[in-house]
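Enquirer: Those protein sequence lines, which keep their order, are chains A and B. Reminder that position 43 of the first sequence reads as 43 in my numbering, one-by-one numbering, no gaps. Reminder that position 8 of the second sequence reads as 8 in my numbering, one-by-one numbering, no gaps.
By construction, these hints were calculated from the structure, which means they are not laboratory data. Think of the CB as a built atom: it goes at the ideal place given N, C-alpha and C, for glycine as much as any other residue. Misleading hints may appear alongside valid ones.
Unchecked claim - A few chain B residues that don't get close to chain A, going by computed Cβ distances all over 10 Å: (1) Leu3; (2) Ile23; (3) Phe32; (4) Val48; (5) Gly50; (6) Met53; (7) Pro57; (8) Leu58.
What the hints assert, rightly or not - Result set (SDA-like, lysine to any residue): computed pairs, CA atoms no more than 25 Å apart in a straight line: (9) A:Lys119 - A:Lys143; (10) A:Lys71 - B:Ala10; (11) A:Lys119 - B:Met1; (12) A:Lys71 - B:Met1; (13) A:Lys119 - B:Leu40; (14) A:Lys71 - A:Lys47; (15) A:Lys143 - B:Phe20; (16) A:Lys47 - B:Thr24; (17) A:Lys20 - A:Ile53; (18) A:Lys71 - B:Leu3; (19) A:Lys119 - B:Thr18.
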Amino acid sequence: MDHRNEQTESAHKPAPVLMKPMNMPVTLAICSGGWLVPGLAHLLIGKWVRGLIFAACVLLMFGLGIGMHGKLYDLQFGDPLDFLGFVANLGAGIPYWVAEHFDWGVGTMSWPSFDYGTKFLAVCGLLNYLIVLDAFDIAQGRKP
Amino acid sequence: MILSHFTALALFALIVSTVFALITKNEPREQFRYGVFVFLSFIAVAVVVGWLMYPLPLSGYRP
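Pulled out of the complex, with its shape left as it was, chain B reads as follows:
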């Protein structure tokens, strides 16, 4: 199975945010809101960190 980086990231974020939401919140509405917040945070942070690392050299990488 080969997933793209973004698909793998999105699946990871979806599963982890679901578990976090169910563990930390008790009301279904709160769980949904917190789950969406954690999911979007995962995606946003990954994209931002990815762009921050973009200018860095790939050590040892020889195309």
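Bound-form chain A, shown alone:
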């Protein structure tokens, strides 16, 4: 009985509308834009609300990380964890280079929220990678 109800519900549910797949160079260009400017990829695809929310989330997290005196990692091969930290930070795109240019990501270890700030900066970069992958899937018509 329940099984039948599920079938009836799914029959009434409108099928998700997938985008027509874009060609690969355009998709890659959109994803590059989304990496450099968080949320831009979704804006270019036409997912305005999603793009604005993603941009707000990543930029807010980045700003909080900088405000909490978190550390941004530079490209160094000496310590593997430093390199992974750099890869994570790089995910934030242009905000990373802006912060590096103004020496905002030096990191003050004695600051009470230094550790939280460093994690915020790393995670916002990683989230942006996920957001870019989401935009890639939408542009390729794999998800609505």
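Given chain A's structure and the hints, the job is docking chain B onto it.
Expert: Just chain B now, kept in the frame of chain A:
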């Protein structure tokens, strides 16, 4: 900027759960429900793990 541990945790959970919900679910209602679930899970797990670690000694800490 100095935030309390719980405020920082709550902000972290809020932002990450929002992004996860929007990425993994397609319908607004599903996104909201999943976002709330992930947010509450973050908070609950952090509080539980915090209490589990409470009896452990703080190595090197000299009050």
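Enquirer: Between the alpha carbons of A:Lys47 and B:Thr24, is the straight-line distance 25 Å or under?
Expert: It holds: about 15 Å lies between the C-alpha atoms, which stays within 25 Å.
Enquirer: Can we confirm that no CB of chain A comes within 10 Å of the CB of B:Pro57?
Expert: holds (19 Å)
Enquirer: So if I understand the rule, the pair passes when the alpha-carbon distance is 25 Å or less; does A:Lys143 with B:Phe20 pass?
Expert: holds (15 Å)
Enquirer: Is B:Leu58 truly not at the interface, in the sense that its beta carbon sits beyond 10 Å from all beta carbons of chain A?
Expert: Correct as stated: the minimum Cβ-Cβ distance to chain A is 15 Å, above 10 Å.
Enquirer: When you check the alpha-carbon spacing of A:Lys119 and B:Thr18, does it fall within 25 Å?
Expert: holds (17 Å)
Enquirer: Quickly compare the C-alpha distance for A:Lys119 and B:Leu40 to 25 Å and report which way the hint goes.
Expert: At roughly 20 Å apart (the allowed maximum being 25 Å), B:Leu40 and A:Lys119 satisfy the hint.
Enquirer: Decide, holds or violated, for the assertion that all CB atoms of chain A are farther than 10 Å from the CB of B:Met53.
Expert: Given a closest Cβ separation of 15 Å, the condition holds.
Enquirer: Checking a non-interface call: every C-beta of chain A should be farther than 10 Å from the C-beta of B:Leu3. Is that right?
Expert: violated (6 Å)
Enquirer: Within a Cα-Cα threshold of 25 Å, do A:Lys119 and A:Lys143 meet the stated pairing?
Expert: Given that 25 Å is the threshold and the Cα spacing comes to 30 Å, the pair is violated.
Enquirer: For the pair supplied as a hint, A:Lys71 and B:Leu3, is the alpha-carbon distance within the 25 Å limit?
Expert: holds (16 Å)
Enquirer: Hey, does B:Val48 actually stay past 10 Å from chain A on C-beta?
Expert: holds (19 Å)
Enquirer: Does the claim that B:Ile23 lies off the interface hold, with its Cβ farther than 10 Å from every Cβ of chain A?
Expert: violated (5 Å)
In summary, the structure is inconsistent with hints 1, 2, 9 and 14 from the numbered list given earlier, while agreeing with the others.
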